[in-house]
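S.K.: Just so you know, the protein sequences line up as chains W and G, in that order.
Here this note's numbering is used: the first residue of the first sequence is 1, the next is one more, and so on.
Here this note's numbering is used: the first residue of the second sequence is 1001, the next is one more, and so on.
Keep in mind that the hints are not guaranteed to be accurate.
Just some of the chain G residues that point at chain W, by a computed CB distance under 8 Å [as the list claims (entries may be wrong)]:
{"id": "1", "residue": "G1030"}
{"id": "2", "residue": "D1034"}
{"id": "3", "residue": "V1041"}
{"id": "4", "residue": "G1043"}
{"id": "5", "residue": "V1045"}
{"id": "6", "residue": "A1048"}
Have a look at the derived ranges for each label pair, beta carbon to beta carbon [stated by the list, open to error]:
{"id": "7", "chain 1": "G", "residue 1": "R1078", "chain 2": "W", "residue 2": "G65", "range": "39 to 45 Å"}
{"id": "8", "chain 1": "W", "residue 1": "R43", "chain 2": "G", "residue 2": "Q1117", "range": "26 to 32 Å"}
{"id": "9", "chain 1": "W", "residue 1": "D69", "chain 2": "G", "residue 2": "T1068", "range": "51 to 57 Å"}
{"id": "10", "chain 1": "W", "residue 1": "V45", "chain 2": "G", "residue 2": "S1060", "range": "51 to 57 Å"}
{"id": "11", "chain 1": "G", "residue 1": "I1039", "chain 2": "W", "residue 2": "P129", "range": "36 to 42 Å"}
{"id": "12", "chain 1": "G", "residue 1": "L1074", "chain 2": "W", "residue 2": "S19", "range": "17 to 23 Å"}
{"id": "13", "chain 1": "W", "residue 1": "N146", "chain 2": "G", "residue 2": "I1031", "range": "49 to 55 Å"}
{"id": "14", "chain 1": "W", "residue 1": "H77", "chain 2": "G", "residue 2": "A1012", "range": "28 to 34 Å"}
{"id": "15", "chain 1": "W", "residue 1": "R24", "chain 2": "G", "residue 2": "G1067", "range": "41 to 47 Å"}
{"id": "16", "chain 1": "G", "residue 1": "I1039", "chain 2": "W", "residue 2": "H147", "range": "27 to 33 Å"}
{"id": "17", "chain 1": "G", "residue 1": "L1059", "chain 2": "W", "residue 2": "R43", "range": "30 to 36 Å"}
{"id": "18", "chain 1": "G", "residue 1": "I1039", "chain 2": "W", "residue 2": "H30", "range": "52 to 58 Å"}
{"id": "19", "chain 1": "G", "residue 1": "R1015", "chain 2": "W", "residue 2": "Q67", "range": "53 to 59 Å"}
{"id": "20", "chain 1": "G", "residue 1": "A1012", "chain 2": "W", "residue 2": "T2", "range": "48 to 54 Å"}
Hints in this document: simulated from the structure, not taken from any laboratory.
Where a beta carbon is used, it is the ideal one built from N, C-alpha and C, also for glycine.
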Amino acid sequence: MTIAVVENWVEEPLRRFVSDARVRLALLLHPSGQVLGQSGFTRAVDVMSACALAAAIHASAGELGKQLDGKPFHVLHHAGKERQIFIAPAQTRRGLYIFLSVFDRESSLGLVQLYYGEFEQRLAEAAPPVEPEKPVLAENFERDLNHNLAALFGRA
Amino acid sequence: MSATPFAEVLAALTRQRGVLGSMVVSEADGIVVDSNLQIGVKGNVVAALAASLYRKARLSAGAAGLGTANFVQLEAERGRVCAIGRGDLLLVTVAESRANVGLIRVEMLRATQVLDQ
C-alpha cells in the first residue's frame, strides 16, 4: 500500500481506512481540487484528473441537493460493473474536505460506509488548528516564496 | 412505511431465546435490507462485517473444493453470529452464547424459503 500525502496529519487516518476497508483507491482533496493525500494512484496525472472530477462531482451533487432537498447531498455512491465510487465530505477544524474512494468486490459499500465513519472521526481529531495568517514581511518574502515553491515541487 | 416480505420471519427469529437480532442483508453491498434488532445491536456494522465474512467464507469453501458454503457460524466470547445465504441476500442472526444454535439454524433454514421467493 502506497500512501502519498501533502500534509502529514492526513497520512495515518488514510492508511487505516485503506487497510480496513480494502479499497483500491482513496483520495482526500480540498473542494477547490487540491490534493491532500492519496493511496493507490501510480501517476500524478491520474491524481490531478481524479481531483478535478471529484471536486466537480461534489459541487454538482451539492447544488443538486440544495435544489431538491434544500441542503447538499452528503454522500454519493455510484456502482459500476466491476468498480464502485464513494464520495463524501469530511469536516475538520481546518475546513471541509472531499473524500473519494474506489472499491471492487474485495470490499463493499457497507464496509466503506462503516470505515468512512471512523476515518472522518480520525481525520477530525488529527487535523491541527488553523494558524492565523502571518503578514508577508519584505525581509521574509523571498525565503518564503522559495520554500513554498520547493515544497510544491517536492524539493523541500 | 409498509412492512417488507421479511418482517415476519425476522420477528420469528428474534423471538427465539437468546437471539439479539436478525437481519436480511445484501450480500454484495453489506447493506441492511430489513432488520429486527434489540436495542444496542449495531445493525449496520454487523451487516457490513457479516456480509464480508460470508463472502470470504464462500470463496474459501470454493477454493478448498468444498462447494458452496451454506451456513456460517462465528463463535465469539460472548455470543454468536450466524449467516446463511440465498441468491443476493443473506440472513444474519446475532445471538448470545446461551442461545440454542441448533434451533436457530433450523429457524434460519426455514426463513430462507422466504428469501427464495
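S.K.: Looking back at the numbered hints, which does the structure fail to meet, lowest number first?
M.R.: 2, 3, 4, 8, 9, 10, 15, 16, 18, 19
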